[in-house]
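**Q** Chains G and D supply the protein sequences, listed in that same order.
For the first sequence, the working numbering begins at -11 and goes up steadily by one.
For the second sequence, the working numbering begins at 39 and goes up steadily by one.
Worth flagging that the hints you see were computed from the coordinates, not collected in a lab.
Quantities reported herein were computed from a predicted structural model and do not represent experimental measurements.
Please note that a few of the clues may not be correct.
Unchecked claim - The calculated lysine to aspartate or glutamate pairs, modelled on EDC-like cross-linking and capped at a C-alpha distance of 20 Å, are:
no.	chain 1	residue 1	chain 2	residue 2
1	G	K216	D	E69
2	G	K261	G	D167
3	D	K102	D	D118
4	G	K261	D	E320
5	G	K122	D	E81
6	D	K165	G	E8
Chain by chain, the residues run as shown.
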Amino acid sequence: MAVASTLTPEQAKARRSRREGRRRILRHVALLAWTGFIVFPIYWMVMTSFKDSGEWVTWPPNWLPREPTLLNYSQIFAFSQLDASQARQATEQSFTIWKGLGDSVLVCTTASLVSLLLGTFLAYSISRFNVGGKYFRHTILTIRMIPPIVIAISILMYYAIIIPYVTSALIGIRISLFDTYIGLILIYTVTTLPFVIWMMLTFIDEVPYTLEHAARMMGASRMTVIWKIVLPLVASGMVVTFLFVFILNWAEFLLALTLTHPDVTTLTVLLNKFQSASEGRLYGPQAAIGTMITIPVVILGMLIQGHLVKGFSFGTIRK
Amino acid sequence: MTHTTTGTHLASGKTRPLGAPARLAKWLASERVFRLIPFVLVEGLFIVTILIPFALTIWISMLKWRANRPFETAVFSGLDNYAGVLENEQFWFSVGRTFYFAGVAVALELLIGFFLAMMVTNCTRSKKLYTTIFLVPMMIVPIVVGYNFSMIYIDSGPLNQLLSPFLERFGIDPRIRWLSHPVAAQWAIIIADVWQWTSLTFLIFLSGFAALPRQLINAARVMGASPMQIFFRVQLPLLKPAIAIAVVIRSMEALKMFDPVVLLTFGGPGTSTQTVAYFLWEQVWQFNKFSFGAAASILLLFLFSFLIFAGIFTIIRQRNAIAGGR
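Put together the whole structure using the sequences plus the hints.
**A** As structure tokens, then:
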């Protein structure tokens, strides 16, 4: 205090601003350090995807590819069997991601659309009529909280054993949902439904009921009200929800790994295949696939950034 | 059958009885029924894809059966599988390990996320830039994160290169195989999880900080509270709902940890990084021990159900607290 009292107000202000400035520098150092930590693994993957096989695991590692090459990309995007210029001795397995890409897009799009459709209408019912009781919107979360491995085990037995067993007993044909598109789409739909219901509830709850009421008074049917009033108002919300659920499905690994082999191959399973390749790991193509999986999700994620947390936090946080 | 077309004359044809499809359509459109259609559809889907498989899992868990034999030959064995799981120490170790990973990872994520959010809140110009960068990990596919870190930890990877000047001074070969050492491999998985999911806690806390009422803090400052007092007495209590939600959501997800384990270590070295999800996956898909896996998954669900209900309860309460506060 004795020191402070000898200072003129200007000096005190200068000292305070100096301390403030030092704090700001410290803050930026810490934030930049975290930025580096965040960026580095992504940077390393992108760089590896441009390296040729000789550079994947050299010591000391190269931070920039010495001879940048697009070979990894041309390998994974090859349409036919690799010709001599692209084949590598150690890597004579099928590389192309077209099958994985197609399967991923097909499964994720269909599952997201179906669950969006069902979830939106159920969310409307819950929001307007309290269908299923007061706590239904919360109990639906239990489905999301069941560990996926538990679902995977029971679904595996259901798809691979019980359904063929029952169908062959009843109608004489063995129908198995294991390793089929329908099976995977079905389980993706179910596991993402809670998210859809939660996100759509937050959007539909915001649509004023008076609007609907007015339309009903004027003789519009319930279906017309939904189609002409509610859906246009929550259309942007539906797009956001669709993208969010699409990202979730796109990133899903455990269920795809356990419920499909070898016919249906999503991109995440494909990436894992290279991990356990018996000829030694194929870092380059893996990096290229990783980059290709990442880019669309990051772009979609950026588009719905604010809503992403709404989904991940079950609507508890509003941005 | 001629009446099936009368649906189009709905308005005019008062005297004629409606055909079956039209009557069905009318019945479906009536308020009483209409509100239940989506509910029935979704519940039906849940019953077919979750409940029935689950009941079958309980049944299979009481059989003595491996997948390499036909299902018809399986014999009933009561609760033998459950006893087998309870006696299996690998199961318990993996459960303990899962909780250990989740505990450490979630604690780190909360701490780092909290301080990052606090620092970013104080930034003015660069706030948006930092937020955008810090949110990227959340959008990256977990399996790609596992791959990225597996590249960084390999013996000739960049991590060892960064450490090499330091290690060579002590005469240690810098090409350390991080993932071959039990403790280092465990930390490798934890760090990968922290890398990815700190972004979520960061965002939860960021919106928590943004929602803090200015007047309250200003009032405390005017009345002479020190920054420490403001932080501990005003801000922290107000942030409690955000903290609770972050804890619940993150621990729920962390307890399911599977992807980084597969990509980084395959549960190894030994069993030092086997989470419970990985342990069950190995038992069922590698060793074909179906009925053992079924019993273990039932037990696991039972074990988790308390957590699930506690989590949902917390979410309801904190959500109401947030809604009430506005």
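**Q** Any hints this thing doesn't respect? Which numbers, in order?
**A** Violated hints: none; all satisfied.
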